[in-house]
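Knowing the structure of chain A, use the given hints to seat chains B and C on it.
Below are the chains, spelled out letter by letter.
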Amino acid sequence: MAQDVLLQTHDLTMRFGGVTAVNHVNFSMNVGELRCLRGPNGAGKSTFFKCLVGQLAPTTGHITLNGHEITGAEPHEIARQGVAIKTQVPSLFDGLSAAENLRLAARRQSDRPTTKAKVEEILELTGLTGQANKVVGQLPHGQRQWLELGVVMASDPDLMLLDEPTAGMTHQEVVQTAELIRRISQGRSLIVVEHDMQFIRMIADKVTVFHQGTILMEDTMENVMQNPQVRDVYLGKQAGSNS
Amino acid sequence: MDLALVVLIQVLYAIASLALVSVGLAIIFGMMGVINFAHGEFLMMGGYAFVLSVGAGVNFWIAMLVIAPVTVGVIGIIIERLIIRHLYGRIMETVLATWGLSLFLIGLAATVLGYHQKGVAPPLGKVVIGTYREGGYTFFVIGITIVLLLMVYAGLKYTKFGLIARGTMQNADMSSALGASVNKIYAVTFGVGAALSGLAGAILAPIAGVLPDIGVTYVIKAFITVIGGGAVALSGTVAAAILFGAVNQTVTFLSRPVVGEVALLVVAIVLLRLLPNGITGKYFRKSL
Amino acid sequence: MKISLETAGLLAMAAIGVVLIFVLPAVAEVFLLFDLTVFIVMSILALSLALVWGFGGILCFGQSAFFGLGAYTYAVAVINFGESTIPIVLAILLPVILAIVLGYFMFWGRVSDVYLAVITLAVSLIFYYLVGASAGSDYKIGKALLGGYNGMPSVPPINVPGYPKSEIVYGDLYILAASVLMLVYFALRWFLASDFGHVVVSIRENESRAALLGYDTRIYKLTVFAIGGGIAGIAGTLFTAWGAYVSPTVFSMVFTAQIIIWVLVGGLGTLLGAIVGCMLIQFATTWLGETKLADINLILGAVFVLLVLFIPKGIVPMFRDFLGPLIRGKTSAEPRSNNN
Chain A
1 MAQDVLLQTH DLTMRFGGVT AVNHVNFSMN VGELRCLRGP NGAGKSTFFK
51 CLVGQLAPTT GHITLNGHEI TGAEPHEIAR QGVAIKTQVP SLFDGLSAAE
101 NLRLAARRQS DRPTTKAKVE EILELTGLTG QANKVVGQLP HGQRQWLELG
151 VVMASDPDLM LLDEPTAGMT HQEVVQTAEL IRRISQGRSL IVVEHDMQFI
201 RMIADKVTVF HQGTILMEDT MENVMQNPQV RDVYLGKQAG SNS
Chain B
1 MDLALVVLIQ VLYAIASLAL VSVGLAIIFG MMGVINFAHG EFLMMGGYAF
51 VLSVGAGVNF WIAMLVIAPV TVGVIGIIIE RLIIRHLYGR IMETVLATWG
101 LSLFLIGLAA TVLGYHQKGV APPLGKVVIG TYREGGYTFF VIGITIVLLL
151 MVYAGLKYTK FGLIARGTMQ NADMSSALGA SVNKIYAVTF GVGAALSGLA
201 GAILAPIAGV LPDIGVTYVI KAFITVIGGG AVALSGTVAA AILFGAVNQT
251 VTFLSRPVVG EVALLVVAIV LLRLLPNGIT GKYFRKSL
Chain C
1 MKISLETAGL LAMAAIGVVL IFVLPAVAEV FLLFDLTVFI VMSILALSLA
51 LVWGFGGILC FGQSAFFGLG AYTYAVAVIN FGESTIPIVL AILLPVILAI
101 VLGYFMFWGR VSDVYLAVIT LAVSLIFYYL VGASAGSDYK IGKALLGGYN
151 GMPSVPPINV PGYPKSEIVY GDLYILAASV LMLVYFALRW FLASDFGHVV
201 VSIRENESRA ALLGYDTRIY KLTVFAIGGG IAGIAGTLFT AWGAYVSPTV
251 FSMVFTAQII IWVLVGGLGT LLGAIVGCML IQFATTWLGE TKLADINLIL
301 GAVFVLLVLF IPKGIVPMFR DFLGPLIRGK TSAEPRSNNN
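Chains as they are written, first to last, in the numbering used here: chain A, 1 to 243; chain B, 1 to 288; chain C, 1 to 340.
Simulated from the structure, these hints should not be mistaken for laboratory data. You can take every hint at face value.
In silico contact screen, one side only, chain B against chain C (beta carbon under 8 Å); selected entries:
1) Ile83
2) Glu93
3) Leu101
4) Ser102
5) Ala110
6) Val216
7) Val258
8) Leu265
9) Ile269
Distance windows between CB atoms, simulated:
10) A/Thr129 / B/Phe161: 54 to 60 Å
11) C/Asp113 / B/Gly179: 31 to 37 Å
12) A/Glu179 / C/Arg110: 38 to 44 Å
13) A/Val89 / C/Gly136: 57 to 63 Å
14) A/Gly187 / B/Tyr283: 48 to 54 Å
15) C/Gly136 / B/Arg133: 29 to 35 Å
16) A/Ser28 / B/Gly179: 51 to 57 Å
17) A/Gln88 / C/Ile86: 52 to 58 Å
18) B/Leu274 / A/Ala132: 43 to 49 Å
Note that the structure is a prediction, hence the values are computed from the model and not measured. For every residue, glycine included, the Cβ atom is placed at its ideal position computed from N, Cα and C.
In isolation and in its complexed conformation, chain A is listed as follows (with noise of 0.2 Å):
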């Protein structure tokens, strides 16, 4: 199996104002990887995710993807480099209808058959089939969820960026959730955002903690469960932590 470095960051800095949202991250994932972010509200999660697909561009750093520098690139650049990401408040085409969505993020590397297959089969996957024409807007929260997961899945990318995938989410639809990231992340690489213990047990292999826009410690999820700081972080008690 590939142990080939899918994504890096070298000294990786976002400074806005006066607050350093991301601290000299040095990370690194390999190809196939299914990777857990966790951390405290406001410990440069959702913004380290977001300099990586260049909607920020850092203040100093760098990042590469399969060995290519893409630091400070246009999203688009990014993306059709292959990443995909669903974003901590969901981005959608609420205007749109759900297949619509989902079309505009297969069109783009396929032809119209594949694409209208493509759609089908993750209307199918996400269970939206009955909503494919209903404008997004007017769709639930956990739906929402589901087409922007399906979107992301859509661009057949080789890694996916997910914040928060079950934000708002009843139990039963948490577990839904953690079934379709299952499947979808099949062959591909991912790196979640999530808070909830359960959720990244079912996914994720290995976990990074953020704090204060730094990496605090990286390791299997038990490990990192066990250990005494990050238990601290989370309870506020290290001195000078957000809440």
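For chains B and C alone, coordinates are given in the frame of chain A:
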């Protein structure tokens, strides 16, 4: 050199008049986010309030400094209550409604007052500078603009209302939770912006005259200044007025008025390209 | 018979086209056709802004710049060339080039929203001032005197290509204008139904998501902007040919405001709405002007305010919402009316 002094005075005048016509809009757009395309008509109504009062025998200064702003301020509050407050957050509807309002007010003025120029001569005679003569009124305009801007600054920073208004513009829910009547604050803030515009129209009336459609000549410059200034209402407008006014007048002096106007527009375009959020998008961000 | 809302719209437009091009010329007086011609020309201009703004999401407050540039280019060129074919081509080409240059400047600089609106408005005003100051015999291009605020009178009409003496005026010009309107409308419908058009609409919906899907949004916006500029140029050409006259008013703030109002009244996000809004307001303005009922501004202004307060989405969407349940609607490709 006398010429240098005169040119300097004219540049200051250009800056001052630009700031003057923009400050009311800066309050309404900068603080409330309302694009008021009837802004020019507030200036027009202030001008008419002043000219008609003087014609009816009211003292020049009272007509200008009291009657004009109060009249337009009250009209502003009425407009806010009747129209604007239904459209908060809906930018396009606000544009269309205030544009309609602008047409309506122009039509109303034309119907009631007609298109003959009513003038009031500028007082304060002439000031002699070497071989040149500059109207004394020019100095008055420069002076009163500075006073006005300082008053607005002080009002925003030091009065209770200013504080509450600023808080409400930043976060209306929070303000409401703290006990402020948000509706009242919006109404009064809009009224203050209108009053400032009415005052500006009155101050410029002796020089520019008043006609029903005189607002049209003001509105685009005011908008360019406010938007070029950026989100921070007061310092943004002042900074933009300094830049645009100086460029406009200097180029006019070196060439012709038309070229001066074009130069202002070109500088505005370049500025917005380099600083896509206006001047205060990047500089003076924490000021008032 | 159940038909989609989209098909209903196309059929309605085709019916209107038949009436305009075939029925009216047979029954109406030439004077009426002459008056209608300018309404039709303005409708073409309205379509250009409907495309750029309603579908492209580009808030252009200076669409008059492209219209005026087309109008003046035609005037200057036809006076110099003596034949109208090349002038027409130039009058479409120059606005397209302006749109590409201005669009590149703005979109690659990530200028958007109200700032873009101000820049485009400023561009139109620059033309207004520069052309307005062009009075006197020094200001001419070739044989054509620009004329300053007085404008350029006696502009030669459009002729049949290759036959300079075969003028297209009055009734013939009307048919030409109406045909162009239909052509532009159906071409735009086709464009918006294409894959490229679908991406354009998605960018209007959520530009950031479109970019995250790998689309270079700048290119799509530039293309739409350029097409809009070209269509406005066509309208400008027909306008000058219609009145045999052009003046700096075509660049004025008052005029550019009207274009925006046509589109908003008719319904932002529709093509038919642009035509309906334009026609309605043009008719109303002309009627008011003739009957002298009251000051035009007074009535128009009051109407707009009332319209916004009570029918904010615009006229066509209001009908569509009304008729929608009666005709089964297809919502996947039909863009929503979007009041941003």
